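In terms of this note's numbering, the first sequence has 65 at position 65, counting the first letter as 1, and numbering is strictly consecutive.
Note that these hints are calculated values from the structure, not bench results.
Do not take every clue at face value.
Capping the alpha-carbon separation at 20 Å, the derived lysine to any residue pairs in SDA-like fashion look like this [to be verified]:
(1) 288 <-> 276
(2) 291 <-> 168
(3) 255 <-> 282
(4) 85 <-> 102
Distance windows between CB atoms, simulated [claimed, not checked]:
(5) 76 <-> 114: 28 to 34 Å
(6) 144 <-> 67: 19 to 25 Å
(7) 52 <-> 246: 16 to 22 Å
(8) 288 <-> 114: 54 to 60 Å
(9) 49 <-> 157: 37 to 43 Å
(10) 38 <-> 65: 14 to 20 Å
(11) 43 <-> 262: 45 to 51 Å
(12) 264 <-> 16: 17 to 23 Å
(13) 36 <-> 157: 39 to 45 Å
Since the structure is predicted, the reported quantities are computational estimates derived from the model, not experimental observations.
Ideal Cβ placement from N, Cα and C applies to all residues, glycine included.
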Amino acid sequence: MPELPEVETVRRGLEAAMRGARIVNVELRRRDLRFPFPKNFAARLAGRKVGNLWRRAKYILVELDDGHILVLHLGMSGSFRIEDKKQARTPGSFYHAHAKDIAHDHVVFRLSTGQRVIYNDPRRFGFMNIVETDKLDADPLFRGVGIEPLGNELNGASLARLFAGKTAPLKTALGDQRLIAGLGNIYVNEALHRAGLSPRRAAGSIARKDGAATERAERLARAIREVLEEAIAAGGSSLRDHRQTNGELGYFQHKFRVYDREGQACPRCGGIVRRIVQAGRATFFCGKCQK
DNA sequence: CCGCGGGCCTGAGAGC
DNA sequence: TGCTCTCAGGCCCGCG
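Using the sequences and the hints, build the whole thing.
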């Protein structure tokens, strides 16, 4: 499901339900997702009060009142939904409409508010962990994660510095989590189109020889920020699995200009959107106006 | 170090 | 209808 806008949408939904609440208990319906749950996972969460919720890259961070952080990753198909028992029994509710999917409800957090926060993940590429708050940045999960694309660190200059000298295609470099955290296949394609840059161009070609920013780097930085902000405002993109925590769909997928639009007209120049494969992933772009 | 391909899972959709 | 094949928003690992 998730790239940065979808994860951010989920974070906001979880924050509304969890912040200030206490975790009464946690039911694990499997011993693993992508990885085994850490030892005593449920017991370590029971009784904890939830503080702030943050996002780093595509991870959701849940602050606990014992100096630890619950780390959540949605993988490709993870989602959370929040419900109380009344909702669960209401015909027409998300729970009812997708009853067959409850086979993939793997974790249930019961909160002091009476609500339940349920993690569903058919493909089980997601995972959860508990780390010490003080050691978060040093944790293997976060050591070496790149800059936040919505923070102040992303601009033409930083983009040029990160990409200078790289021979990898621009598309591949943009999706490299060690450089920029949180961009995935959809928004990389969309940002490149908005910036009018070819995904096949060498990443280093948006930097000057001395590593300074070119006009292309400035354009790309603006495009990344713009597409992410618009997508978050739209509640993310709903392709297969993504829903907001209240069960509602995001609708940014209707705003895609190239992603999954092979053979259709480029909304900017009328050229035909092409599909190629780079580093094993589909790339969509307009060969006419992306240079 | 760098870039690429394969693998992890299940389900949806296309094509026959 | 049902089978088979391909592909999917992420990420890790190993290879050359």
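We went through each hint and held it up to the structure:
1. Of the supplied pair hints, the one linking residue 288 and residue 276 holds, its CA atoms being roughly 15 Å apart against a limit of 20 Å.
2. For the proposed pair residue 291 and residue 168, the alpha carbon gap of about 16 Å is at most 20 Å, so the pair holds.
3. Pair hint residue 255 plus residue 282 holds up; C-alpha atoms about 18 Å apart against a cutoff of 20 Å.
4. Restraint check for residue 85 and residue 102: the C-alpha separation of about 15 Å stays at or below 20 Å, so the hint holds.
5. Between residue 76 and residue 114 the C-beta distance comes to about 31 Å, which sits within the given range of 28 to 34 Å.
6. In this structure the hint that residue 144 and residue 67 lie 19 to 25 Å apart at CB holds, the actual value being about 24 Å.
7. Range check, residue 52 to residue 246: Cβ separation about 21 Å, and the 16 to 22 Å hint holds.
8. At roughly 56 Å, the beta carbons of residue 288 and residue 114 sit within the given window of 54 to 60 Å.
9. The hinted window of 37 to 43 Å between residue 49 and residue 157 holds, with their beta carbons roughly 42 Å apart.
10. Roughly 18 Å separates the CB atoms of residue 38 and residue 65, a value that falls within the hinted 14 to 20 Å.
11. Between residue 43 and residue 262, the C-beta spacing of about 49 Å keeps the proposed range 45 to 51 Å intact.
12. Restraint check, residue 264 to residue 16: a C-beta distance of roughly 37 Å breaks the suggested window 17 to 23 Å.
13. Evaluation of the 39 to 45 Å hint for residue 36 and residue 157 yields a pass: the beta carbon distance comes to about 42 Å.
Hint violations for this structure: number 12 only, all remaining hints satisfied.
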